Each structure stands twice: as structure tokens, then as C-alpha cells.
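Novice: The lines below spell out each chain.
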Amino acid sequence: MAAIFNLNHPAHTVHWHFFTMSVSNLIVIILMLIVFALAIAIPFPRHGGAEGGTTS
Amino acid sequence: MSAVKGSNWTVKVREKAVGALPPDKLLPDGVPAYVSSWIYVFGVLSIAALVVIIGSGTILALKGPGWWHFTGVGHFFNSIHMWSVEVFFFVMVVHLWGKFWMASWRGGRTRVWVTGAITFLVAVPCALTGYVSQQNFDAQWISTQAKDAMNAVGIGSFFNLTNFGQMYSWHIYLLPLAVVALVGAHVLLVRTHGVVPPFELPTDKSTAPATNGQTDVREVAEITPAEIKTSTTQGAQS
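Each protein sequence line maps, in turn, to chains D and R.
In case it helps, my numbering puts the first sequence at residues 1 to 56.
In case it helps, my numbering puts the second sequence at residues 1001 to 1238.
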């Protein structure tokens, strides 16, 4: 990762009133929220030949 | 077997175990139709990540810090171990959110929910003790910073983050043992009670599952052949 991102500096943080969090942690939380939303929104693949039900 | 029935504790344990979890429930050949959603996949993804964690951690423990710090292959397995923990918590949190919003404690599944929640709570110190088990300056820095938190809550005398041997024991033996045992209990409870069904949709009461969180309790005669066909998917998602 160090070859891709410059990690030779103190961590960036987000401050908003009492809220303080590192940018890396914030990115992970946002990614989890996106994956959670996609897991609900994206239809699960079905096998061929299903009739009338939600899966087979 | 019947001759010793009632007098042999192994028979009693076996009969109780088989009664609570018959083989066809322990290792089913199908899952309910409502499980065909990506949100139901994150439980088994958590288990898959845990398997990688245990496997890579076992290799690291066998090879030692000189290997994981100073060889290319050691670096690789060190990274596999760290990133599999990241994946484990990532998918476990999504699993937790999914089960929370579908109220997965319904239908007598309180123990399923509680074992899952305790697993999450135990997994956190299991992972954090890994930071102080690295055997490098990073571990020393983290241990001297984090010990203040332990002292502040009054447990620093018997959970000493600057004691490497103690932290290493917690990290590679005691806490993983607890996590694996809890996950095992969690999975067996899911098998016993079944995967929690989604909430009933008010517009489609004829085909929706039961409202009290029980798996499909309709009479067999009420279930159409098409539903039977489509409610037996291969695999075992949880």
C-alpha cells in the first residue's frame, strides 16, 4: 500500500464539533454503508428454470 | 442400544443432541426461498474470513517474528493475516446491520442474536491484541498508549498491554478459542431455529412468511409445487 499511497505523514482526520475520526476509518465506514445498500438493492442471481418463486 | 438406554450418559447426550438438531437440520440440502438475497451472504463471508485468519495466523505462529518481519513470504502472510481481519470485521458489520434491521431475534432466536453480538464484542479485543503482538516498534508504541485506557477502567493490573507474553497468549489462544466457540454455537443455533424470514409485506399476505419470525409454518397443502421447487436452493447461506 505504501507503494501506492504516500503514508509518510500523520494521519488525516475529520473534525466536526465533537466528532473526530481518521479519514481512513471514515472511508471504511462509508464503504460498509455502500456495500450494505448494494446487498439489499442488487437482485440475487437465479438458477435457470425457476418458475413463480424467488429462487431455485 | 436400547438395552443401555437411560443408564449410559453418552446415549443420553446423543439422543438429546440428535433430538435438538437432527442430521437433516444440521446439514440441510436446501434453504428457504427468502434466503436468495445478497444480505444473507455476509454471515458465511464472515466465517470464510475467519478461516483465513485462523489459517494465516497458525502459519505466522509456527514461523515466528523473524520470518514475518524479514522475509518476502513472511510479509505476504503477515499482510494476508491483517487484511483478512479487515475483511472479517467489514463483512461482520454488514451482517450485523442486516440482521438488526430484519430483527433477527424474532421467532425464538434470542440466543442466535446474543451469541452473534457477543462474538462481535470478543472479536474486537482478539484483533486489537494483534497490534501489540507484532514484536516491533509499532507494537511498543501502541501498547504504551493503550495501557492508559486499561488502567483508566481499572483492569490494567491483570490485562497488561506492555506484557508481551500475556498479550500474545490472549491473541493466539484464549480470544481466538472464544471466538471460534461462539461462532460454532451461533451457527448451530441458526441451524436449530432456521434463518430468520423477512418481515411480511402487507400487500402480499398470501405468499409472505409468518409474521412472528417462524420459518414457513403453513400447512403443506397450502404450498404450491412451484414454491416447493423454488424453496430448495443448493448451498447453505446464513
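Hints in this document: simulated from the structure, not taken from any laboratory.
Just so it is clear, the structure is predicted and the values come from calculations on it, not from any experiment.
Virtual Cβ for every residue (Gly too), placed ideally from N, Cα, C.
Check the hints yourself; a few may be wrong.
Computed footprint of chain D on chain R; a stretch qualifies when at least three of its residues, placed anywhere within it, have a C-beta under 8 Å from a C-beta of chain D [said to hold, decoys possible]: (1) 1039-1045; (2) 1090-1102.
Just the calculated beta-carbon pair ranges, DEER-fashion [unchecked claim]: (3) Thr1110(R) <-> Pro10(D): 43 to 49 Å; (4) Ile4(D) <-> Asp1029(R): 27 to 33 Å; (5) Lys1063(R) <-> Ile4(D): 24 to 30 Å.
Novice: Now tell me if each hint is right for this structure.
Specialist: Hints, one by one, checked against the model:
no.	hint	result
1	1039-1045	holds (count 3)
2	1090-1102	holds (count 5)
3	Thr1110(R) <-> Pro10(D): 43 to 49 Å	holds, 45 Å
4	Ile4(D) <-> Asp1029(R): 27 to 33 Å	violated, 45 Å
5	Lys1063(R) <-> Ile4(D): 24 to 30 Å	holds, 27 Å
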